[in-house]
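Participant: Sequence:
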Amino acid sequence: EENELRKKQEQALMEKLLEQEALMEQQDPKSPSHKSKRQQQELIAELRRRQVKDNRHVYEGKDGAIEDIITVLKTVPFTARTAKRGSRFFCEPVLTEEYHY
Numbered sequence: 482e483e484n485e486l487r488k489k490q491e492q493a494l495m496e497k498l499l500e501q502e503a504l505m506e507q508q509d510p511k512s513p514s515h516k517s518k519r520q521q522q523e524l525i526a527e528l529r530r531r532q533v534k535d536n537r538h539v540y541e542g543k544d545g546a547i548e549d550i551i552t553v554l555k556t557v558p559f560t561a562r563t564a565k566r567g568s569r570f571f572c573e574p575v576l577t578e579e580y581h582y
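Residue numbering for the sequence shown follows our numbering, beginning at 482 and increasing consecutively.
If you are wondering where the hints come from, they were derived from the structure by calculation, not from laboratory data. Wrong hints could be hidden among the right ones.
Claimed, not checked - Pairwise CB distance ranges, derived in the manner of DEER restraints: (1) R519 - L554: 31 to 37 Å; (2) L554 - K516: 46 to 52 Å; (3) E482 - I550: 46 to 52 Å; (4) L524 - E548: 26 to 32 Å.
To be verified - Straight line, CA to CA, 25 Å or less: simulated SDA-like cross-link-like pairs of lysine to any residue: (5) K497 - L524; (6) K488 - Q532; (7) K518 - R529; (8) K516 - R529; (9) K555 - Q532; (10) K516 - L528; (11) K516 - E502; (12) K555 - G545; (13) K489 - I525; (14) K489 - K516; (15) K497 - R530; (16) K497 - E523; (17) K555 - D544; (18) K518 - L494; (19) K489 - D544; (20) K489 - S517; (21) K518 - D544.
On a predicted model such as this, the values are computed, not experimentally measured, just so you know. For glycine and all other residues, C-beta sits at the position ideal for the given N, C-alpha and C.
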C-alpha cells in the first residue's frame, strides 16, 4: 500500500511539473531567464524525487538484535592483517552482557 501511494505521489508530482514546463515554454521559449527557471525546476523535481525515495522505513528487529550487532561491530577493532573481525568477539560474555537490556 505504501509503495502504491508513493508511486501515485511521484506520478502526480511529475504531471504537475510537466504542466508547469509546458506553460513556461508557451510564454517565451528563447528567453535566458527561462533556462535558469527550468534548471531550477528540474533541480527541485530531482530533490523531491530523492526525498520521496529516502522516506522508506527501516526494518527494526523486535528484540534489538540488529542494534546489538552494530554496537559490537563498533567496539571490536578491525585488524588489517587479518582483514576481518574475529567471530570470537561476538561470543565473549563481557561484550554481549553490556549491550543486552
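Participant: Hint by hint, note whether the structure agrees.
Facilitator: Evaluation of the provided hints:
Taken as a hint, the range 31 to 37 Å is violated for the pair R519 and L554, whose Cβ atoms sit roughly 46 Å apart. The supplied range of 46 to 52 Å is met by L554 and K516, whose beta-carbon atoms lie about 49 Å from each other. For the pair E482 and I550, the supplied restraint of 46 to 52 Å is violated, since their beta-carbon distance comes to about 30 Å. Look at L524 against E548: about 36 Å separates their beta carbons, and that is not inside 26 to 32 Å.
About 15 Å separates the Cα atoms of K497 and L524, which keeps this hinted pair within 25 Å; it holds. As the CA atoms of K488 and Q532 are separated by approximately 13 Å, the hinted pair is consistent with the 25 Å bound. Restraint check: the Cα-Cα separation between K518 and R529 comes to about 16 Å, which is no more than 25 Å; the hinted pair holds. A C-alpha spacing of about 20 Å is found between K516 and R529, which places the hinted pair at or below 25 Å, so the restraint holds.
For the proposed pair K555 and Q532, the alpha carbon gap of about 29 Å is over 25 Å, so the pair is violated. For the hint pairing K516 with L528, the CA-to-CA distance comes to about 18 Å; that is within 25 Å, so the pair holds. For the hint linking K516 to E502, the alpha-carbon distance of about 11 Å falls within 25 Å, and the restraint holds. The hinted pair formed by K555 and G545 meets the criterion: a straight-line CA distance of about 16 Å does not exceed 25 Å.
Of the pairs offered as hints, the one joining K489 and I525 holds, with about 18 Å between alpha carbons and a cut-off of 25 Å not exceeded. A threshold of 25 Å between alpha carbons decides the hint, and for K489 with K516 the separation of about 28 Å lies outside it, so the pair is violated. Using a Cα cut-off of 25 Å, the hinted pair K497 and R530 holds, with the two alpha carbons roughly 13 Å apart. The hinted pair formed by K497 and E523 meets the criterion: a straight-line CA distance of about 12 Å does not exceed 25 Å.
At roughly 19 Å between alpha-carbon atoms, K555 and D544 fall within 25 Å of each other, so this suggested pair holds. Proposed proximity of K518 and L494 is supported: the alpha carbons are some 17 Å apart, at most 25 Å. Simply put, K489 and D544 have alpha-carbon atoms about 34 Å apart, too far for the 25 Å limit, and the pair is violated. With a C-alpha separation of about 28 Å, the suggested pairing of K489 with S517 is violated against the 25 Å cut-off.
Taking the CA atoms of K518 and D544, the gap is about 50 Å. The hint is violated against a cut of 25 Å.
Of the hints listed earlier, those the structure fails to meet are numbers 1, 3, 4, 9, 14, 19, 20, 21, in rising order.
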